[in-house]
Structures are given as structure tokens and as C-alpha cells.
Amino acid sequence: MKRIKSITVLQHFLLIMMSIIAIFPLYWMIISSFKNESEIFTSSFIPQAPTWQNYLYAFAEMPIIQMLFNSFVVATLMTILQLATSLLAGYALVRWNFKGKLLIFTLLSLTWLIPFQAVMIPNYVLINQIGLNENPLGIVLPFAASTFAILSIYQSFKSFPTALIDAARLDGESDLGILFRIILPNIRSTVVSLGIILFINAWNEYLWPMLVTKEMENAPIQIGLKSFVNSDVNMWGSLMAATTISCIPILLIYLFLQKHIVDSFVRFGIK
Amino acid sequence: MGSIKVEQIKKSFGQKEILKGIDVDIPDGSFAILLGPSGCGKSTLLRMIAGLEEPTSGSIFINDQDITYSEPKDRDIGMVFQNYALYPHMTVFKNIEYGLKIKKIDKSKRLNMVNKVIEMVELTEHANKRPGELSGGQRQRVALARAIVKRPHAFLMDEPLSNLDAKLRNQMRQELIELQKELQTTFLYVTHDQIEAMSMGSYIIIMNNGHIMQKGTPKEIYTNPANLFVAQFIGSPPTNILSYGDYSIGIRPENMSMKEDGHNVNADYILTGAVVSTEHLGGESIYCLTTDWGKVFVKGESTWQTPNKESQIAFSKKDVLVFDKKGERVRDVDLIENLLAEMQVSNHRREAVVL
Chain A
1188 MKRIKSITVL QHFLLIMMSI IAIFPLYWMI ISSFKNESEI FTSSFIPQAP TWQNYLYAFA
1248 EMPIIQMLFN SFVVATLMTI LQLATSLLAG YALVRWNFKG KLLIFTLLSL TWLIPFQAVM
1308 IPNYVLINQI GLNENPLGIV LPFAASTFAI LSIYQSFKSF PTALIDAARL DGESDLGILF
1368 RIILPNIRST VVSLGIILFI NAWNEYLWPM LVTKEMENAP IQIGLKSFVN SDVNMWGSLM
1428 AATTISCIPI LLIYLFLQKH IVDSFVRFGI K
Chain B
2 MGSIKVEQIK KSFGQKEILK GIDVDIPDGS FAILLGPSGC GKSTLLRMIA GLEEPTSGSI
62 FINDQDITYS EPKDRDIGMV FQNYALYPHM TVFKNIEYGL KIKKIDKSKR LNMVNKVIEM
122 VELTEHANKR PGELSGGQRQ RVALARAIVK RPHAFLMDEP LSNLDAKLRN QMRQELIELQ
182 KELQTTFLYV THDQIEAMSM GSYIIIMNNG HIMQKGTPKE IYTNPANLFV AQFIGSPPTN
242 ILSYGDYSIG IRPENMSMKE DGHNVNADYI LTGAVVSTEH LGGESIYCLT TDWGKVFVKG
302 ESTWQTPNKE SQIAFSKKDV LVFDKKGERV RDVDLIENLL AEMQVSNHRR EAVVL
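In the order they appear, the protein sequences are chains A and B.
Numbering-wise (our numbering), the first sequence opens with residue 1188 and increments by one.
Numbering-wise (our numbering), the second sequence opens with residue 2 and increments by one.
Honestly, the hints are just simulated from the structure, not real lab data.
What you are looking at is a predicted structure, and each value in this text was computed from that prediction instead of being measured.
Even glycine gets a Cβ: it sits at the ideal position worked out from N, Cα and C.
Where hints are given, some of them may not hold.
[To be verified] Reference excerpt, derived from the structure (chain A facing chain B, CB under 8 Å, subset only):
hint	residue
1	Glu1360
2	Ile1369
3	Pro1372
All chains, full assembly: derive it from the sequences and hints.
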């Protein structure tokens, strides 16, 4: 009895420690955004003279609202496209038997192993040639299909009862009808969970949007953050303020969809 | 309304041949049963008739129309699946209505058709529930209603009662028989349960290992099995098989009796055996004995008495089925007589008495 209790205490202690490690940077970001320039390098856990100055400066320095909007458009478009392509590809791979299916599946799985940096340059040249730089489409298109999403959908389609699909075929339903009217309503929670993960990933995308967009007005918020750090001067306070703002949409999503998010992390692993 | 004809159907999955040239001719309006052990290919055959699977070779006809490669929806058939396959996200009403909606049947006509069928399967009060809120039996009825509402040429059923408990299964069996009589439509019903087959079917097709073993009425199949497989597959307990040289001699447990029962005045033979176990089932008793030719089950009226350890079993010549080495039925009367005569000698030597 005593032993079980001490194990529980130990478990709680470890969990609390891990939570602190996870939450601390966020906490530090928020309090730093309220510290003034002279206080920013002190190790005080609460700002001595809290100020909005950093926020005002951040808003004055860059079009934060426009950039947030850009981020939102890019992340939403990317999520929708990735969901659409993975649903269609997953259906084809699970339901149809065609020549070269195994090859396609293997190639798809292999692309997962190629780091983005390796295809970045060819992608950049292509997007440039099409003339899509400085355009949200230029950020989104190379990410219109995601292997991770396709394989996740493939897995959940695989475990979908075939008898239901057979019944729908006997009822005269088409392939698209089966996908959208029979399968989708029954794996809605899987798709929502996947969508959340895809959205968060898209929101956090940094390197590629930075390559494609030079103008602040066209860039997502993450690119703007960089402007507070340069070779001359680092404006930590404003950087923290802007970063805090950039986190707000994701924090809001967490607040409203907490159950789904936990579910998606359990289902698909933390990417 | 719908005859089903299958000609030389073969089906392979990779290297494995599941169906090895099947010929079936199911007359219009019959209650046909595809019976066989699991893995014999019966469900594959049914799925091919439904259009859910393509045959490797051969042809399928419904109402004399070649539908071998038609889409499932163009075959005019209703199918009931083993696990019901109801759409979980739709209400009972919507489940039944779905096929009609896709067929673009006029709304008022559609509602009328669905309501009629829901009434017929007595689910009116559950029309707005989802399948998850229904019991197994009710779900089964929704599945039936979904097939009925399309007014198909034929109904295909893939072990539809196997998920129900014994009592409900009996009840549904009766309901299906009545339904078939009412609809006057061809039913093709897949099962591995020989009791279900015997009690429901007007025509039974027995399959094993991708082949058809025998086709016929329940009576023909029971009284006149074409081979050892059918003799052993039909009947519970299965037909007793006594091995004698190259031949197998089959006698059904219900055609044997314990000598002391006194029901065996017309019996031609007596076999001696040692009683291993006795099961009193109420209306009847099943005795298991070991004899010199193997284990033997005897089914008789229940006496509620434990028989003597050493007992004698009586049976008649007319109930004896003989099969050759390949398991085919031997109908050569002389050969059978000779065999039995030889066995009598053996019998005699083994202390069995000829009456």
C-alpha cells in the first residue's frame, strides 16, 4: 500500500516537472512581452513595471493583422487541399485494384523520407517560373498533398467495414457518393483530428513561406517575427509581443477544440 | 419474378482457386440455400451473383439475362448482409430510403414505399432511430426492409441470422419463410448451418472446397445423399461412418436404436458396442458407443435411463448408405448386399447377431 502511494507521488512529480518544462518557455514569452527594455534580461518571473510598449511597437512596425490573416488563409487552404487530396488518394488506394498500385504506394511512403530541404530549391525555381511568388498559392501548392495525411486516411479507410460499401454499391451509389455520403460521415472525428494536426503544421511552417514571400504584406506572421531580430539590434520585447500574438489563434483553437486535439495527438502521434 | 442461373463459374484469388466450375440453376420463386462449411466458396458465389465480385470465368444470368459483368445496381437484387451493414449515421427510415433516393424515385412515392415496408417489418415506432439504438433482431429487420423496398427480382442473404441468439434465430427463420411466401420472390440464402438449411429451404445446394457436392430438395439431400460429404454434413449428430475395407458404411443416428428400446422389430442387423456417454435432451436421447468399426451415435426416444455399459444397436438394411474410396455413393445393390453379407460374417465373429 505504502509502495503504491510512493509510486503515485513519483509519477505526479515527474508529470509536474515535464509540464513545467513544456509550459515554461510559453510563460517566459508572455512575461517578457510585458517587460521593458531595461528589465528584459533580468531573471524576474513577474515584470516589475508591466508595459504595453512592446505590443504598440510590434503593431507599428509590421502589418500584424494582415500577416495573421495571411497565415490563416495559407494554413486553411493547405489543410483543405491536403484533406481533399488525401481523401481521394486514400479511397483510390484502398478501394481500387489497378496496375502500379503497389509502386505508387511505395513511392508515396518513400517521399516521406525525403527532407523538405532536398526539394526546396527545385520547388522554389518552379514556383518562381510560374510566377507564384509573393502569392499565398505559391506557399500552398507544393504542400497540396501530404504523405502523412494520405497514409493516415489510408489506415482509417482500411479499417472501414467493407459491407457498408457493398451495401451502398447495391443501392447504386457512385464512388464519390460512397466516399462523401457513406465513409466520411462515419470517420468524421478522424478527419477532424487529422485536419487539426495539418492546420497546426501549416500554421507553424516557416522556411518555405520565407523563401516565397519577401514583402511583409504577403507573408504569414511567422516571417514577420524575424524582422525583430537582425544583425544590428535584437528587439526581444517586441519579438515576444509579436510571437504571443501569433500564438493566439492556435491557443484559441486549443481552447475550443481541446478534446479533438488531444484525440488527434493520441491518434496520429505528436508530429 | 427472378430465376438465377450460374454457368461454369470459376474464381481465383491469386494462385488460390476458390470456385472450381460451379453450375447452379435456381428456379423462379424458390427458397434456395447455399450450404457448406466456412471457406467452401459459398459467400464468394453469392457476392458474384450480387456483382460485388467478378468471376474469373463463367457466366451469371438473372431472368435469362447475362449480367456477369453488370454493375450491382443494374441487377435488380436485394441483399442482406451477415452484420446487417446498415448505415450507422442514418435513421432507420433513411437507411431504407437511401437506395430509392439514388434511383431518383419521386419523393411522395418514395415516402409511401418506405412507410409501407417499415410497417411490414413492424418498425414504425423505430423509424427515426439510428441502427445503434436497435436490438440485433430489429437491425436485421431494417436490413430486410432495405432489400424489400427495392422490389428486387431476387433476394441474396449472406448468413443473415448468424449474429442473433438461438431463440431470436428460430423466430426470424419462421418470419423469413413467411416473408418468402408472401413476396413470392426467389431467395438465395447462404448458411453453414444445416438445420437452418433444412428448415427453410425448398432447394438446397451443398458446396465444399469450391465444388458443388449435391443439389436437391431437403428430402432428397437427407434421404439420398450423393456422397460421403453430404451424408456427414447433413444431420445432427452426423451420419455414423463404419469403415469396412475400401468402403464406408453410413447409417444415420436416428436410423439406429438401442436394442432394449424394443423399437427395432424390423431391424436387420445388430451391432455390439460399449456405451461411452448418454445425453438426455428431453424429447430424445443421444447415446455414444464405441464399436469395432468406430464410434457410433444412436438417437432414440428419451427413456431417462442409463443403458447397460455393453449394449446392442439395431438397424435396417434400407437405411444403410455405402460409399466408395473416393466418397462417392455406391448404388450397386449386389455390391451392397455382398458387403453387408461380409459384414454380417464379421459381425458374427465380433459377437453381433443377425436377427
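Hint check results:
1. For A:Glu1360, the interface hint holds, since its Cβ comes within 8 Å of a Cβ in chain B; the closest pair sits about 6 Å apart.
2. A cut of 8 Å between beta carbons decides the hint on A:Ile1369: the least distance to chain B is about 6 Å, and the hint holds.
3. This hint holds: A:Pro1372 has a C-beta 4 Å from the nearest C-beta of chain B, less than the 8 Å allowed.
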